[in-house]
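Q: Listed here are the chains, written in short residue letters.
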Amino acid sequence: MLSKIILIVVLFAITLGIAAYLTLVERKVAAWLQDRIGPDRAGPWGILQPLADAGKMFFKEDFIPTNADKWLFILGPGIAMFTALLTGSVIPWGPDLELFGTKIPLQVADVNIGILFIMGIVSIGVYGIMIGGWASNNKYSLYGAIRASSQMISYELAMGISVITIVMMTGSLSIRDIVDQQHGFWQDGWFSWNVFKQPLAFLIFLVTALAECNRAPFDLPECESELIGGYHTEYGSMKLGFYLFAEYVNMFISSAVISALFFGGYNFPGMDAFSGNTLAILGTLVFFGKTFFFIFVFMWIRWTLPRFRYDQLMHLGWKKLIPISMINLLVTGVVIALTSGWFTKSPKSIETVPAAKKEVVREPKQLSMYNAKHEQ
Amino acid sequence: MESLSNRKKVVSNKKMSFMEKLYLPAIIGGMWITFKHLFRKHNTTKYPEVKREFATVYRGQHVLKRDEQGRENCTACGLCAVACPAEAITMTSAERKKGEENLYREEKYASMYEINMLRCIFCGLCEEACPKEAIFLTDRIVPTYFEREDFIYGKEKLVEPVDQRVDITKRQLTGKRPA
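Residue numbers (this note's numbering), protein chains in the order written: chain A, 8 to 383; chain B, 49 to 227.
No lab work stands behind these hints, which were simulated from the structure alone. On a predicted model such as this, the values are computed, not experimentally measured, just so you know. Each residue gets a CB set at the ideal place from its N, CA and C atoms; glycine is no exception. Relax, there's no trap hidden among the hints.
Quick list of simulated restraints, FRET-style, between CB atoms:
| no. | chain 1 | residue 1 | chain 2 | residue 2 | range |
| --- | --- | --- | --- | --- | --- |
| 1 | A | HIS190 | B | LYS57 | 51 to 59 Å |
| 2 | B | HIS85 | A | GLY62 | 30 to 38 Å |
| 3 | B | LYS203 | A | ASP69 | 40 to 48 Å |
| 4 | B | THR192 | A | LYS146 | 30 to 38 Å |
| 5 | A | PRO206 | B | TYR95 | 45 to 53 Å |
| 6 | A | GLY50 | B | TYR95 | 14 to 22 Å |
| 7 | A | PHE303 | B | GLN220 | 48 to 56 Å |
| 8 | B | ARG88 | A | ASP69 | 39 to 47 Å |
| 9 | B | PRO73 | A | ASP42 | 20 to 28 Å |
| 10 | B | PRO73 | A | LEU292 | 33 to 41 Å |
Reference listing, derived: stretches of chain B covered by chain A, where coverage requires no fewer than 3 residues with Cβ under 8 Å from a Cβ of chain A:
| no. | stretch |
| --- | --- |
| 11 | 74-81 |
| 12 | 84-95 |
To give a feel for the contact side, a few chain A residues facing chain B, derived at Cβ under 10 Å:
| no. | residue |
| --- | --- |
| 13 | VAL36 |
| 14 | ASP42 |
| 15 | ARG43 |
| 16 | ILE44 |
| 17 | GLY45 |
| 18 | ASP47 |
| 19 | LEU210 |
| 20 | VAL304 |
| 21 | ILE308 |
| 22 | THR311 |
Work the whole structure out from these sequences, hints included.
A: Encoded structure:
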């Protein structure tokens, strides 16, 4: 219990710290890609810049427009931040750590529907944007909110379908199971990471993750040139800070999810040479390394590609990504059916899903209680 | 018609091929270009510490010149104010008193001379209009202030100090007038 609380606090601090420093990294990466230096005035190489930004945000006037719906206006950034921080709880950050004779899993909650949980919480996240945009009582904010919600709806489908292909292959919705099945780097004559088994699903997931995070080239809800900031036009002070912060937390979490689902999470080539706590620490570092790489990719894409037009966004989402991901799902299903011998073996001898190794038979709790009552 | 530069390109609206419609090769190509810029030398000049070299014809903050004996050149004729397209210059004239010969070169001088640096467009027409070689634009930058009033420069900021002459030879060599 104590280990969980410590883990939650550490994870909270790490997530917030990384998100704060991502603002600096973003500006630095942008500068480097444009042959500039970037912020370098606050401390050496500008490492105090996030503190300066946060200080500025806190000391600004906390303004609520007269015609805004006051409570929803406050609720918006709160929901955005809350959902952004919540998703980190089901991600396995590393192999089990052994301290003082007890096994400590580096995961706050090994929910057996982890990936479903993430999808659900991420879709609640759009409420933060919608409520904030609507409560501002400003047409540009409303435009931003509408764009955000329709973008989320269109891209969540393709994202879900590409995740389903992974779930079909692993036979589990728990992220820890998905990561554990990508053990090492090479297994059974093929790369064990899902990206080599499902490159198309990875591509679709990457694109939709960009759209879900409202990152360029899908940053239509907050495009400065068209909507003067979109849903956070009316926001200032730390409420604006929360929105921007939530965006970076989301980016961090989705990078972590991508590296867990497709790039083997904390698995790395030659990991069998280590064991115990060394493996746990190395695995965690590897996982963070992969996550940071994808964060860099996110930024790299942002500073390379121009923004989509809205009809192009919808066209890509509905007419391209969803059909492609459905075909991918179909092909995956057929391949799984063939390899597990659905057409050749007798129906009873077939395991339902090839990868579902451990089978837990659990008596339904309520039923057993019912039985116990009646026996008395 | 043959173009002179030989760089003319005819725009084509041909249908995109399948590979082009995928966009992925183009996106990867673009990302490779930006990636190469990561290792490029940066072009930033760290301004307050390092100052970029100005062109010889740079037009910055004005100076009101004195002659060799330290007397103000300006006679408050008002030609600069008339020439100014931005109406940035204003002045009042005064008659030189006895005993002030070491201060002003001619009998009339500007008792007040103001340039509003927020209005000024640094076109250099005042300099061109000046018959007495009194006003010049220099390679100094007008700094920023928090108050609008601070941008109105009076004589105390414009007239060069006797012991700290402002070099305007670059402006004199721009071909407008002989040195």
